[in-house]
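J.: Residue numbers (full-length UniProt numbering), protein chains in the order written: chain A, 1 to 373; chain B, 1 to 198.
If you are wondering where the hints come from, they were derived from the structure by calculation, not from laboratory data.
From the three backbone atoms N, C-alpha and C, an ideal C-beta is built for every residue, glycine too.
A few of these clues could be false.
[What the hints assert, rightly or not] Capping the alpha-carbon separation at 25 Å, the derived lysine-lysine pairs in PhoX-like fashion look like this:
no. : chain 1 : residue 1 : chain 2 : residue 2
1   : B       : K9        : B       : K158
2   : B       : K143      : B       : K186
3   : B       : K183      : B       : K158
4   : A       : K194      : A       : K43
5   : A       : K348      : A       : K316
6   : A       : K148      : A       : K43
7   : B       : K95       : B       : K31
8   : A       : K168      : B       : K158
9   : B       : K9        : B       : K31
10  : A       : K43       : B       : K183
11  : B       : K186      : A       : K132
12  : B       : K31       : A       : K43
13  : A       : K148      : A       : K137
14  : A       : K370      : A       : K164
15  : A       : K137      : B       : K31
[Unchecked claim] Which stretches of chain A does chain B cover? Using the computed rule of at least three CB atoms under 8 Å from a CB of chain B, they are:
no. : segment
16  : 187 to 194
17  : 334 to 344
[As the list claims (entries may be wrong)] Sample of chain B residues with no beta-carbon within 12 Å of chain A, all distances over it, derived:
no. : residue
18  : L15
19  : L16
20  : R22
21  : D34
22  : T42
23  : Q49
24  : D60
25  : P74
26  : R79
27  : L91
28  : Y154
29  : L168
30  : Q178
Residues per chain are reported as follows:
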Amino acid sequence: MSDYLQYTPEEFATDDFFIHWVLSTDLEAETFWQNWLEVYPFKRNDVEIARQLVLVANLLPVPVVPESEIAVLKQSVFDRIEADEPTQTVSRPLFARWYWAAAFVAGLVSLGSWYFVMHERGNKAGYAQLVKQATEKYDLVEVENQTKPTRLIVLPDGSSVLLKKGSKLSYPAYFSRNVREIYLSGEAFFEIAKDPNRPLYVFANEIVTKVLGTSFNVMAFPNDKRIQVTVKTGKVSVYEAKSPKAAQHAQTPQLEGLILNPGQEVVFSKDANPMETRLVKHTVTPVASSQSGTIQEMVFEYDETPVSQIFSQLEKTYNIRIAYDQALLGNCPVTASLTDEPLYEKLKLTCRAIRAHYEIVNGEVVVTGKGCN
Amino acid sequence: MHRKTHSEKRTEEDLLLWTALRASDRNALGKLFDAYVRDLLTYGYRFCQDMALTKDAVQDVFVDLWAYRETLSPTVEVRFYLYSCLRRTLLKLLKDRQHLSSDWAEAEMTSPAEDSAETQWMESETGDQQQARISNGLQTLSKREYEVVSLKYYTGLKIRQIATLLDLKEQTVANTLQNALLKLRKHLVHLLFLYLLF
C-alpha cells in the first residue's frame with residue numbers, strides 16, 4: 001500500500017478502495033485510511049481534495065422515475081416476451097370450476113354470497129387449491145399480513161392492494177398479456193390500474209370478481225361462509241359461474257350479466273334457487289369527511305386542499321410514511337379528484353400538482369419539491 | 001482481506017439469477033430487472049437526455065436478454081453486460097431516429113445537467129444552489145468525460161470494463177478520467193464550501 005504515497009488527489013479519487021471508503025460506512029476501510037493518515041499526515045490535504053472529488057462525481061444528477069412507471073415498463077417487457085411466444089397463451093380452464101363468478105363493478109356495490117357449493121365439492125375452490133393450480137401457470141408471489149391492520153401491496157401493473165389482517169394474497173410476478181389473475185384469502189381492498197384490454201380477476205373461494213379498473217373490497221375468509229364484494233368506484237356485473245353463460249362472461253372484456261349501479265348491494269342466498277337469486281338493493285351513505293372511516297367509504301376529492309392534509313390522509317389510509325418538507329410544501333394547495341386512482345397514481349398526480357416528485361426509499365415515500373410560492 | 005462489499009454480494013446473486021435465466025426462468029429475468037432498472041435508466045438518461053428513448057432501450061435490453069437466453073455466455077459480469085447492451089441499444093435507436101450525427105461521439109456536450117422539459121432531476125438536500133454549482137462544474141466536461149465520470153462513480157464498473165464498453169484503450173479512459181477530475185477540482189472550492197454547510 002506504500003504506493004499510495006505517490007498518489008495525486010486525482011489518482012486517489014479513481015482508486016476503488018479509496019472510493020469505497022468515501023462512499024461507504026465500511027469500518028475496515030475507515031480504519032485503514034485513518035491509520036494511513038496518521039502515518040502520513042502531510043497527505044491529509046490531498047486526501048481531502050480527493051474525497052471531495054469523489055463526492056462531487058458521485059453527485060451527478062439522477063433522473064426521477066416514479067415506481068408506477070417502473071412497474072409499467074416491467075409489464076411491457078413481459079408483454080413483449082409473451083407476444084413473441086404464442087405457444088404460451090393463457091388458457092382458462094379454471095373458470096369451469098367456478099360456481100359463482102361475480103364481477104364488473106360500479107359505485108358502492110356490495111355483493112354477498114353463501115357458498116352452498118361447499119357441501120357438494122368440499123374445499124376444492126379454497127385458496128390453497130387455487131394457488132396450487134395457479135402455480136402451474138405463473139410464478140406466484142405470496143404476501144401474508146398477520147400483524148398489521150392493513151398491509152400495502154403494489155401489483156406488477158401498478159395497482160394497489162390493502163391487505164387486511166389475517167389475509168393472504170398471491171399474484172404473478174408479472175401479468176400475462178391478456179389477463180390479470182390474483183388470488184385472495186381473507187379481506188383486501190383493491191385499487192386497480194385501468195387496462196380495458198386486460199381484465200383483472202380476483203379469485204376468492206367461489207367468487208370471481210372481474211374488473212377493468214376500479215376500486216373494491218373483497219372479503220372471503222376460509223371459515224366464513226359469507227363472501228362479500230364491496231365496490232367503491234367503477235362498474236359491476238354479476239353472474240353465476242354455473243350458468244351456461246359463465247364461461248362466455250369470463251372470456252370477454254365486456255360488461256355482461258347483471259349490472260349494478262352505485263349504492264346497490266347484492267346478496268346471494270344459500271337457500272334460494274340459484275336461478276332466482278335474490279338481489280337486495282340498499283343505498284350506502286357517502287362519508288363526507290375525508291379523514292374518517294375505512295378506505296371503502298373514503299373520498300379523495302380535493303379543492304384547494306393543503307397538500308399536508310392529503311399526505312396525512314394517504315399516510316393513515318395506506319399505513320405508509322410520507323416524508324416531505326412541511327414548511328416548504330405543506331401549504332401548497334391541490335385541486336384533484338383521486339378517489340378512483342391506485343396509490344401510486346394518487347401520489348404521482350398530487351406531486352405533479354405541487355410541482356414535486358416522489359421516490360420510494362426503504363419503504364418510505366419521500367417527496368421533494370421546490371415549494372409553490 | 002476485507003469483508004464482502006455490497007457489490008460483491010450483488011455479483012454472487014447476479015450469477016445465480018443469470019444461471020436461472022439461461023435455464024428459462026422468467027422470475028430470474030424479473031429479479032434482474034428489479035435490481036438494475038433504475039441504474040440503467042439513470043445511465044441511459046445521462047447518455048442521451050431522453051427518458052422515453054431510454055425506457056424503450058431498457059425494454060429492448062430485457063426482451064433481448066430473454067430472446068437470446070439460451071445463447072448467453074454462462075460467465076459474465078452481469079452489471080457490465082447490461083450496461084453495454086443498453087449502450088449499444090441506445091446508439092442503435094439514436095441512429096434509427098437520426099438523432100445521431102456521425103461525429104456524435106466526439107461532439108462536446110451542450111449541458112448534461114440542464115433539465116429537459118419532461119424530466120425532473122433528483123435534488124440533493126442542499127437543493128438548487130448546490131445543484132447549480134455542480135452543474136457549472138460539469139458543464140466544463142466534454143461529453144466523453146461526463147460519461148466516463150458517470151460510469152466510474154455511478155455504475156461501479158472497473159476502468160477495464162469502461163474501456164471495453166466505450167471501445168477505448170484503458171489508458172485513454174484513465175486519462176479522460178484524470179482530466180475530468182482536474183476540471184472538477186477547479187470548481188471544488190465552491191463545492192467544498194457548500195458541503196461544509198451541512
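J.: Each hint: holds or not?
T.: Results of checking the hints against the structure:
1. B:K9 to B:K158: Distance of about 16 Å is within 25 Å: holds.
2. B:K143 to B:K186: Given pair K143 of chain B, K186 of chain B holds - Cα atoms ~18 Å apart, limit 25 Å.
3. B:K183 to B:K158: holds (21 Å)
4. A:K194 to A:K43: violated (60 Å)
5. A:K348 to A:K316: The given pair, whose Cα atoms are some 18 Å apart, holds under the 25 Å limit.
6. A:K148 to A:K43: The given pair, whose Cα atoms are some 54 Å apart, is violated under the 25 Å limit.
7. B:K95 to B:K31: Cα-Cα ~30 Å, so violated.
8. A:K168 to B:K158: Not OK: K168 of chain A and K158 of chain B at ~44 Å, beyond 25 Å, violated.
9. B:K9 to B:K31: Holds. K9 of chain B to K31 of chain B sits at ~15 Å (cutoff 25 Å).
10. A:K43 to B:K183: holds (21 Å)
11. B:K186 to A:K132: With Cα atoms ~63 Å apart, K186 of chain B and K132 of chain A exceed 25 Å; violated.
12. B:K31 to A:K43: Roughly 44 Å separates the two Cα atoms, so the pair is violated.
13. A:K148 to A:K137: violated (30 Å)
14. A:K370 to A:K164: At roughly 36 Å apart (the allowed maximum being 25 Å), K164 of chain A and K370 of chain A break the hint.
15. A:K137 to B:K31: Holds, at roughly 18 Å.
16. 187 to 194: Result for this restraint: violated, n = 0.
17. 334 to 344: violated (count 0)
18. L15: Since the minimum Cβ distance to chain A is about 20 Å, L15 of chain B lies beyond 12 Å and the statement holds.
19. L16: Holds: least Cβ distance 16 Å, greater than 12 Å.
20. R22: holds (15 Å)
21. D34: violated (8 Å)
22. T42: Its Cβ does come within 12 Å of chain A, the nearest being 5 Å, so this is violated.
23. Q49: violated (9 Å)
24. D60: Since the minimum Cβ distance to chain A is about 9 Å, D60 of chain B lies within 12 Å and the statement is violated.
25. P74: The assertion about P74 of chain B holds, with a minimum of 21 Å to chain A.
26. R79: Per Cβ check, R79 of chain B is outside 12 Å of chain A; nearest 14 Å; holds.
27. L91: holds (19 Å)
28. Y154: Violated, since 6 Å does not exceed 12 Å.
29. L168: Non-interface label stands for L168 of chain B: nearest chain A Cβ at 15 Å, farther than 12 Å.
30. Q178: violated (5 Å)
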